[in-house]
Amino acid sequence: MEDSLIKLVKSREVLYNKAHQRYFDAKYKNAIWREIGDTLNRSRDEVKKRWKHLRGTFVKKMKISPTGSSPECQSWPYFESMLFLKAFLRPRRTQCSEISFDADTLISPVKYEEEILEKNDSVSSIYAEMIAPPPPKKKSTMSTTLAAIENAALAIKEKVQTEDNDSIIYKTIGVLMGEIPAHNRDAAREELFNFVFELKRKYS
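Per full-length UniProt numbering, the very first residue in the sequence shown carries number 1; after that it's consecutive.
A few of these clues could be false.
[As the list claims (entries may be wrong)] Within a straight-line C-alpha distance of at most 30 angstroms, the following computed BS3-like cross-link-like pairs (lysine-lysine) qualify:
| no. | residue 1 | residue 2 |
| --- | --- | --- |
| 1 | Lys200 | Lys29 |
| 2 | Lys86 | Lys10 |
| 3 | Lys86 | Lys27 |
| 4 | Lys49 | Lys7 |
| 5 | Lys7 | Lys18 |
| 6 | Lys7 | Lys86 |
| 7 | Lys60 | Lys7 |
| 8 | Lys86 | Lys171 |
| 9 | Lys18 | Lys63 |
| 10 | Lys60 | Lys49 |
| 11 | Lys10 | Lys63 |
| 12 | Lys52 | Lys86 |
| 13 | Lys63 | Lys200 |
| 14 | Lys171 | Lys202 |
| 15 | Lys49 | Lys29 |
| 16 | Lys86 | Lys29 |
| 17 | Lys27 | Lys49 |
| 18 | Lys7 | Lys52 |
| 19 | Lys171 | Lys63 |
| 20 | Lys49 | Lys10 |
[Claimed, not checked] Here are the computed distance ranges between Cβ atoms for each label pair:
| no. | residue 1 | residue 2 | range |
| --- | --- | --- | --- |
| 21 | Gln74 | Ala187 | 35 to 45 angstroms |
| 22 | Phe88 | Asn151 | 47 to 57 angstroms |
| 23 | Ala147 | Asp186 | 51 to 61 angstroms |
| 24 | Thr67 | Arg189 | 30 to 40 angstroms |
| 25 | Lys18 | Lys171 | 25 to 35 angstroms |
| 26 | Phe197 | Lys171 | 18 to 28 angstroms |
Since the hints were made in silico from the structure, they are not lab data. Glycine included, each C-beta is placed from N, C-alpha and C at the ideal position.
Could you build the full structure based on these sequences and the hints that come with them?
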């Protein structure tokens, strides 16, 4: 089945070429996947899952040997058939100046959530500093206490002004995504990422 799947995907450039005018059209691409599934007597989700595995394996092989000459590459039975993808992978230089490849330019949801949590933690730490009792001082005065509260409030205001709008939007999107049934969540993420990249292309 894999050989047939590779041939069918290869003949439909919209599924892997990000420069294609309809690459970000999720509905159109889903129709293509459904067509491929019908041809192979498999469901749309199954052929997408199998292709994702094939593409991921190919990218790993290319990371091991960008030239494709290593035994690890040559021993994989589908390596030669998948070589057409090489022209559409984005080369990336690592810190060691070795060439690596990105399988996709979409933002990792895990990394995205970690960044949001880091922002929320930084704001929470400011609140914690404000409400935490100051260390006892022998000559504590009312003016000193008020000054400490004022400084903490200013710090919160500056932090919230720079981060609050975006973080609220990100958290809201995360909550809404969490309310989508699990069996529809992958499709929803794909449409969301495609929409965001379309906005990026439009306003960049």
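Here is how each hint holds up against the structure:
With a CA separation close to 20 angstroms, the supplied pair Lys200 and Lys29 stays within the 30 angstroms bound. This hinted pair checks out: Lys86 and Lys10 have alpha carbons roughly 12 angstroms apart, not beyond 30 angstroms. Distance hint between Lys86 and Lys27 is fulfilled; the C-alpha atoms sit about 26 angstroms from each other, no more than 30 angstroms. Proposed proximity of Lys49 and Lys7 is supported: the alpha carbons are some 16 angstroms apart, at most 30 angstroms.
Note on Lys7 and Lys18: the hinted pairing holds, with a Cα-Cα distance of about 19 angstroms set against a maximum of 30 angstroms. A threshold of 30 angstroms between alpha carbons decides the hint, and for Lys7 with Lys86 the separation of about 15 angstroms falls inside it, so the pair holds. Note on Lys60 and Lys7: the hinted pairing holds, with a Cα-Cα distance of about 20 angstroms set against a maximum of 30 angstroms. Note on Lys86 and Lys171: the hinted pairing is violated, with a Cα-Cα distance of about 36 angstroms set against a maximum of 30 angstroms.
Distance hint between Lys18 and Lys63 is fulfilled; the C-alpha atoms sit about 20 angstroms from each other, no more than 30 angstroms. Between Lys60 and Lys49 the alpha-carbon distance is near 17 angstroms, which keeps this suggested pair within the 30 angstroms criterion. For the suggested pair Lys10 and Lys63, the alpha carbons sit about 21 angstroms apart, so the restraint of at most 30 angstroms is met. For the suggested pair Lys52 and Lys86, the alpha carbons sit about 15 angstroms apart, so the restraint of at most 30 angstroms is met.
With a C-alpha separation of about 28 angstroms, the suggested pair Lys63 and Lys200 falls inside the 30 angstroms cut-off, and the hint holds. Distance restraint check for Lys171 and Lys202: the Cα-Cα separation of roughly 24 angstroms lies within the 30 angstroms cut-off, and the hinted pair is therefore satisfied. For the hint pairing Lys49 with Lys29, the CA-to-CA distance comes to about 14 angstroms; that is within 30 angstroms, so the pair holds. At roughly 21 angstroms between alpha-carbon atoms, Lys86 and Lys29 fall within 30 angstroms of each other, so this suggested pair holds.
Of the pairs offered as hints, the one joining Lys27 and Lys49 holds, with about 17 angstroms between alpha carbons and a cut-off of 30 angstroms not exceeded. The suggested pairing of Lys7 with Lys52 holds, with an alpha-carbon distance near 14 angstroms, which does not exceed 30 angstroms. Using a Cα cut-off of 30 angstroms, the hinted pair Lys171 and Lys63 is violated, with the two alpha carbons roughly 34 angstroms apart. With a CA separation close to 16 angstroms, the supplied pair Lys49 and Lys10 stays within the 30 angstroms bound.
Taken as a hint, the range 35 to 45 angstroms holds for the pair Gln74 and Ala187, whose Cβ atoms sit roughly 36 angstroms apart. The hinted range of 47 to 57 angstroms is satisfied by Phe88 and Asn151, whose Cβ atoms lie roughly 53 angstroms apart. For the pair Ala147 and Asp186, the beta carbons lie near 52 angstroms from each other, so the given range of 51 to 61 angstroms is met. Separation of Thr67 from Arg189 is about 34 angstroms and conforms to the stated range, judged on CB atoms against 30 to 40 angstroms.
For the hinted restraint 25 to 35 angstroms between Lys18 and Lys171, the CB-CB distance of approximately 29 angstroms keeps it satisfied. At about 21 angstroms, the CB distance of Phe197 to Lys171 agrees with the hint of 18 to 28 angstroms.
Hints 8, 19 from the earlier list are contradicted by this structure; the remaining hints agree with it.
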